[in-house]
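Engineer: Each chain, written out:
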Amino acid sequence: MQHASGRGEQVSGAGPLRAAGRVSRRAAVAAMGAAAVAYAVLGPRGAREAPPGRVVLDYWEKWTGQEGDAMRRVVDRFNRSQDRIYVRYFSLSAIEQKSMVSIAGGDPPDVLGLWNFSLPAFAESGALLPLDALDEAYRAELAPRLASYGGESGWPLRPERYARPALDLLLYKGTPWGAVSTCSSMALYYSRSAFAGAGLDPDRPPRTIAELDQTADRLTSVGPRGELLRAGFVHREPGWWDWIWGYFFGGDLLDAAATRATAGAPENIRAYEWLQTYPERIGASRLLAFQSGFGNYNSVQQALLGGKVAMALHGPFLANVVQTFRPDFDYGAAPFPVEESLYDPERPIALLEADVLCVPRGCKRPREALEFIAFTQRRECLEALARDHAKPSPLADVSPGFVASHPNRWIAMHNGLVRSARAFPKPPTRVWSQYEAEFITKMGAMWDLRVDAATALREIQARAQGFIDLAAERSRRRYGDRALTDRIPQIGEEP
Amino acid sequence: MKGARRRPAPGLVGLLFVSPWLAGFAAFLAAPIALTLYYSFTDYTVLEPPLWIGLENYGRLWHDPVFWKVLRNTAVYVFVGVPLCTAAAIAIACLLNTPVRFRGFWRAMVFLPSLVPLVAAAMVWMWMFNGELGLINNALDPLLGVVNAVLGTELRGPNWLGSPNWVMPSLILMSLWGIGNAVVIYLAALQDVPASLYEAAALDGVSPSGRFLHVTLPMISPVVLFNVIVGIIAAWQVFAVPYVMLGTSGGPDRAGYFYTTYLYDNAFPYSKMGYASAMAWVQLLIVLALTWFTIVSSRRLVYYRGA
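Here the protein sequences come in this chain order: P and W. Counting with this note's numbering, you get residues 1 to 495 for the letters of the first sequence. Counting with this note's numbering, you get residues 1 to 307 for the letters of the second sequence.
By construction, these hints were calculated from the structure, which means they are not laboratory data. Beta carbons are placed, not taken as given, at the ideal position from N, Cα and C, and that holds for glycine. Heads up, a few of these hints could be off.
If you want a taste of the chain P side facing chain W, the calculated C-beta under 7 Å gives, among others [stated by the list, open to error]: (1) Ser102; (2) Ala104; (3) Ser292; (4) Gly293; (5) Gly295; (6) Ala421; (7) Ser433; (8) Ala445; (9) Arg478.
Within a straight-line C-alpha distance of at most 35 Å, the following computed DSBU-like cross-link-like pairs (lysine-lysine) qualify [stated by the list, open to error]: (10) W:Lys69 - P:Lys62; (11) P:Lys98 - W:Lys69; (12) P:Lys173 - P:Lys62; (13) P:Lys98 - P:Lys173; (14) P:Lys364 - P:Lys62; (15) P:Lys364 - P:Lys173.
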């Protein structure tokens with residue numbers, strides 16, 4: 001008997017069973033296939049988040065937790081304010097890598113949350129649409145619409161609304177590549193109780209490097225067995241800015257054209273020679289062992305909160321960590337001390353960083369993306385976001401209630417840093433991540449005194465120059481003499 | 001003959017059933033591997049189209065000091081870590097093969113660490129290696145106290161992850177954490193050694209160590225070879241643990257910076273996918289060469305029963 005499966009010889013013995021209704025193998029496979037197709041076509045769907053009839057925008061952002069919740073509230077506010085667009089907020093880790101892949105693959109989100117220091121690499125690669133072009137294309141249409149949503153009047157993306165240094169963070173080679181969502185200025189944070197305990201005035205933090213050294217010495221305490229109980233100041237806590245110290249001595253890491261690495265400049269060498277005096281005084285191995293006991297930034301064991309360090313370079317967002325883990329911690333903050341000749345209370349020197357909302361190349365709804373970005377730039381949104389992130393406002397003037405209701409009691413000082421003419425960003429170059437990696441490596445060697453500052457910085461400079469030259473050479477090979485402004489992707493251009 | 005149906009060839013039906021896997025393999029593995037070969041000859045930033053530059057990436061590797069550094073680090077990790085783990089796994093398997101009390105419990109305990117996710121294990125080991133508060137230094141302290149008292153020295157526990165001299169020993173030590181899998185394989189092999197061989201050796205007056213060297217090792221040698229090859233391949237690709245414990249720079253002086261970490265850094269943070277692809281192909285050639293060398297050099301050392 002020939003079985004329906006075509007394998008009659010294998011199942012022929014089952015004839016009576018088949019007669020009793022046994023299903024053939026082919027029928028079983030076909031049934032399973034049909035079931036799978038039916039499940040795929042008719043099966044359950046993910047919850048429909050977006051109300052029907054709205055244009056859906058995808059917004060990728062790097063924030064999670066408290067910071068992510070703050071941005072979600074802005075997104076919710078936008079979604080409630082009108083009934084045409086619906087923004088979906090996606091919180092992503094490794095956002096730069098994932099964005100790169102999505103942009104290269106031609107399926108990017110509509111709005112992308114990057115850092116200001118990511119802009120050079122993305123802009124040079126033609127991965128972003130410039131904000132000024134979007135503004136020019138859609139402003140006339142969007143301004144009245146945005147005004148109809150109520151709230152603050154006027155088109156928010158006007159340069160004069162922003163503090164100039166905060167606005168500069170968005171520029172690369174003269175073109176704005178996004179709008180600021182939050183910005184930070186870094187400062188010296190210190191334990192006021194440690195100051196008082198050492199007989200220092202908590203209201204008079206150090207202003208110059210010499211004062212910082214004296215204060216640090218007074219605050220450093222050693223146990224009966226010679227063990228370090230508290231360090232006055234540790235450059236590598238929290239350790240995010242190993243490259244920064246030259247700026248407080250008047251140095252820089254790039255020349256004005258961003259074509260020459262200047263890590264080996266005399267100001268930088270002076271700064272890192274000063275830095276090496278700390279492990280020299282305390283003892284490199286003792287300091288390293290002491291440092292290894294520092295806890296995570298987001299914990300009560302963090303060196304400053306835990307009392308292991310009395311002064312450290314921190315961002316304003318430290319206030320949220322204090323609020324979460326040690327609300328009783330009495331801290332002070334001030335512009336970071338500088339070399340005596342550079343001291344100018346009207347123009348403090350400080351690192352600025354910004355989170356930037358960008359529209360990637362290949363964005364399918366650039367008009368709606370700009371509308372959402374413009375909405376986030378309203379005062380109430382920017383200030384709410386800044387408050388929730390415990391950061392200063394990027395706007396030129398702040399509302400009276402902003403400072404009063406801010407979780408960081410030193411926010412007025414941070415606002416001042418954002419407006420300082422000598423505020424500086426991370427060096428704007430597409431090879432920054434490689435440049436910084438060299439700094440991190442050599443900083444370790446400088447910190448435990450295995451190499452002198454001048455040698456280390458010259459080696460960093462040579463390596464960084466190699467990265468810059470290679471990037472420039474390959475850019476020339478790829479684009480010839482065409483400037484960045486001549487190869488900016490156009491709105492609606494397919495990737 | 002009219003009405004006769006052509007039966008598909010059995011091989012064809014088999015292929016049909018594995019076709020989803022074949023399609024997946026072709027799309028997600030074979031094609032990307034082939035593309036990396038092409039990318040290795042290009043300047044490719046991911047965001048910009050690849051630009052042909054011939055052998056330039058390979059030439060740059062030759063002159064890249066960090067490439068040589070990670071190559072050296074990885075080689076040390078492989079050539080010290082793999083033999084150490086192999087020796088430790090065989091020793092523990094032999095112990096667990098003896099009739100000790102609570103044998104099942106000990107076997108479970110040895111295997112258990114292999115089930116812990118690498119990132120979680122790395123976090124725990126970070127604290128164990130902590131120079132000031134770590135468990136290991138706390139255990140060493142009394143011992144060093146005695147040594148210091150006797151010799152008048154001032155020895156202290158090392159700053160395991162903070163000193164360039166101690167980073168590699170720390171990571172190799174930690175690699176022992178994951179030998180549970182190998183132990184289980186060795187245990188199976190040990191239980192397959194005929195008891196008659198041990199009895200014959202005992203009758204001939206062979207000592208326990210002689211029995212291990214002349215009976216046990218030859219009989220489990222194919223399994224040792226398998227584990228060594230798998231160990232070399234895995235160790236050459238070490239990534240997660242040093243990445244979590246030491247961050248992107250590989251710790252002080254890049255002492256814990258490994259080949260795959262540098263490859264990843266080039267591919268993504270540095271946007272040098274072409275260069276990373278060249279590194280990947282060099283890595284493949286190195287692993288192939290090591291595997292070939294291990295197999296060839298083991299011909300006289302491995303005994304296959306029934307061969």
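Engineer: Each of the hints needs a verdict: does it hold here or not?
Structural biologist: Hint check results:
For Ser102 of chain P, the shortest C-beta to C-beta distance to chain W is roughly 10 Å, which exceeds 7 Å, and the interface hint is violated. For Ala104 of chain P, the shortest C-beta to C-beta distance to chain W is roughly 5 Å, which falls under 7 Å, so the interface hint holds. The interface hint given for Ser292 of chain P holds, since its Cβ lies 4 Å from the closest Cβ of chain W, which is under the 7 Å cut-off. Interface hint at Gly293 of chain P: satisfied, since its Cβ lies 4 Å from the closest Cβ of chain W, which is below the 7 Å cut-off.
Taking 7 Å as the C-beta cut-off, the interface hint given for Gly295 of chain P is violated, the closest approach to chain W being about 10 Å. Interface hint status for Ala421 of chain P: violated, as the beta-carbon distance to the closest one in chain W is roughly 32 Å, over 7 Å. Taken as an interface hint, Ser433 of chain P checks out: its beta carbon lies about 5 Å from the nearest beta carbon of chain W, inside 7 Å. Because the closest C-beta pair between Ala445 of chain P and chain W is about 6 Å apart, less than 7 Å, the hint holds.
Proximity of Arg478 of chain P to chain W holds as hinted, the smallest CB-CB distance being about 5 Å (cut-off 7 Å). Our distance criterion of 35 Å between C-alpha atoms is met by Lys69 of chain W and Lys62 of chain P, whose separation comes to about 33 Å. At most 35 Å may separate the alpha-carbon atoms for a hinted pair to count; Lys98 of chain P and Lys69 of chain W meet this at roughly 28 Å. For a cut-off of 35 Å, the pair hint linking Lys173 of chain P to Lys62 of chain P stands: about 25 Å separates their Cα positions.
Taking the CA atoms of Lys98 of chain P and Lys173 of chain P, the gap is near 25 Å; set against the 35 Å cutoff, the hint holds. Between Lys364 of chain P and Lys62 of chain P, the direct Cα distance comes to roughly 21 Å. Compliance with the 35 Å bound is thereby established for this hinted pair. A distance of roughly 26 Å separates the Cα atoms of Lys364 of chain P and Lys173 of chain P; the hinted pair therefore holds under the 35 Å criterion.
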